[in-house]
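J.: Throw the hints in and build the complete structure from the sequences for me.
Protein chains: 2
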Amino acid sequence: MKAAILAIGTELLIGQTIDTNSAWIGEHVTALGLTITQTLAIADDKPVMIDAIKSLSKDVDYLFITGGLGPTKDDITKDALAEVLGVEMKFDQSTNDRIVSYFVERNLQISELHKAQCYFPIGIQLLENTMGTAPGMLMQHQNCQIISMPGVPYEMKEIMKGKVLPLIESNHKRQPYYQKTIHTAGIPESSVADLIEATLDNLPESIDIAYLPSLGTVKVRVSAIGQESELQVKNVVDLLVDKLQPYVYGYDGLEIQEAVQQLMIDRGLTLATAESCTGGYISHLITSISGSSGHYNGGIVAYANEVKINQLNVNPNTITQYGAVSEEVVKEMVIGCIDSLRSDIAIAVSGIAGPTGGTELKPVGTIWICVGNKERQFTRKFGLTKNRIINIRYSSRAALILLRKFLLDQ
Amino acid sequence: MKAAILAIGTELLIGQTIDTNSAWIGEHVTALGLTITQTLAIADDKPVMIDAIKSLSKDVDYLFITGGLGPTKDDITKDALAEVLGVEMKFDQSTNDRIVSYFVERNLQISELHKAQCYFPIGIQLLENTMGTAPGMLMQHQNCQIISMPGVPYEMKEIMKGKVLPLIESNHKRQPYYQKTIHTAGIPESSVADLIEATLDNLPESIDIAYLPSLGTVKVRVSAIGQESELQVKNVVDLLVDKLQPYVYGYDGLEIQEAVQQLMIDRGLTLATAESCTGGYISHLITSISGSSGHYNGGIVAYANEVKINQLNVNPNTITQYGAVSEEVVKEMVIGCIDSLRSDIAIAVSGIAGPTGGTELKPVGTIWICVGNKERQFTRKFGLTKNRIINIRYSSRAALILLRKFLLDQ
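Those sequence lines, one after another, are chains A and B. Everything in the first sequence is counted per my numbering, starting at 1 for the first residue and increasing by one. Everything in the second sequence is counted per my numbering, starting at 1 for the first residue and increasing by one.
By construction, these hints were calculated from the structure, which means they are not laboratory data. Quick caveat: nothing in here was measured; it's all calculated off a predicted structure.
One copy or two, it doesn't matter: identical chains are merged, so the pair holds either way.
Straight-line C-alpha distance at most 25 Å; calculated DSS-like pairs for lysine-lysine:
hint, residue 1, residue 2
1, K180, K46
2, K58, K78
3, K54, K2
4, K58, K46
5, K386, K161
6, K90, K54
7, K243, K115
8, K73, K180
9, K234, K73
10, K163, K386
11, K157, K386
12, K157, K73
13, K243, K73
14, K90, K73
15, K46, K90
16, K362, K386
T.: Following this line, the structure appears as structure tokens:
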């Protein structure tokens, strides 16, 4: 079964909004055995929308459309769909009643503009939206099921989870598709390829391999279609993991922070963080995982030097002598953090995130990381980029990768 | 001048990677007067790639391609381009030399696979990649300039900034396009539309208006093409801002954390944060802005109750009596945070991010926020979603919006 995704909104083309919806839809319908052939983003322009809907729906079994269902004038997806289907629009009283009660419950003033949200192409099926005012729509056009949803991500997701994914599952038997992704850290993409090259040369044709490099990590996706796909993929993954140890930290959706959380909880250890240049991002990564309170006590964002001194007990002389961005300071931050937050292990980071603040000896991108307990600390120095956000994200993940190494070396 | 973006990689279609490249390219070339007609994502499949390159390049002046230039077997963009151009591939010694020295400098082992990265379609122009091993490529196909770049975001950005954007600027006179976006917070999209509807009815045809709702904010983009576009847009923005005060917190790329930073620095005040359920995300938002050290002292991520008690001086009896998620506790967190981190103002958040941990009285999504100084505190309670990440992001932005209100009410 083939599918395509159409994202509507000029904001996507001019880069004002990053399209996260298409990836989410792609992930969830691929898991049900659909093959996404393309995702297309176009402007809020009726003739362009009509062309795109017509041409995409010819080639696929499902077309997922997001965007253009809001209450305002630039929301014209329903008009375009009515034209493709060759039908008129009709007022739906139940949608009107639902919108009125939605506003009353939230103590918000209702606007006349919401009347426009109650008109739909005749003959379509409404898909309830529990998170907002615009329902989704399901319709058949020639051999294609078209699903139109709001562009607001959490509204789209609720409609997909509540209505669309169950519908796809019930519509057809699941295709025998299977995939598994191996996550590695601390090794460049080409070295990963070198390690597994010989193995890959002897694989069956049905196996597909892809490399996904990201900041500090390389993921290797193994997938196959066919009756034997699950068994085949699992066998290949075993072969590859055999070559890639000790760089493998996990599989599939698992992020480095989840791998670390599992290790910490298994060992019954508690963690705390002391962040300067990463400014809370490590803490955010850790706490974005449900259950993190099982091992994570908390953190101190020691942005000002006084916070390093008062909260983390860093010796002011160490800062004067070596500078705030130094191996000596991150070591003292780890020890101080363990004491202050009464944890077994701490992570500390201090660096120059940029784009300003660099010196000749310590240019922008110089970052020191320390991970350890009271007895033993690992430190690492990085020379990263001039880009503040990249430096924050890269060094935050590097700190978690170092923590994983520390735990495994214990 | 028209342009299209082609993102290559099965990982984009199956949702393993979110395509942030297309938004970035869209933003930067729109600013130079190009009009993006579509962005398309397709799989690592040579026939599909060839079709897409041929059909997109027919309709536009520029085609930007990202992905498929790595050292591994699934990287086949160059082969597809050679076939579209009808040329052979040729080894490039200077690229080989550069890759070898790139690896030597970083003390990494060089792999034979990098030889594949040194072959290019004959006749193309190489675009230097200072951040990685695969150079970009520029080529002419019929009336279209095709630019092919690696999919790794920071490599693509460096090639765009260093080579491609200057080329586009020099190739043609900038189109008279102008846009300005008004950012509002604390008001739903339909109420924004109600406030400005009468004004919009009387605008010239050349003005385009779009609404961009997001978590807690609504952006209104005003744009126009033509000789008078800048003046027209600025006039319209003035009219709209007149209706939308006091919800407007800024314009264009400005995020709420930047607006707050400006207010704090203007008033000479210092800020600290005390985060429980947001787990460092507020701190991350604040410190993602360059110059945040000018007002931000730091923060305490008080995940465990002991951290609230020891670091923020919250009374254990308050926690026992009212619970950690309560108005009383966030108020004590603000006061304690001001004292501990010696700041003028503090933000505190405590809530149940979910998906577990809710009770009947305090379901998942219950979040208390407090903002204030020693004399005066604003508090707000939110009933949000069951989704952990949405709850973290929404309440973090809500806290900054409340801080802005607090500062303006002083």
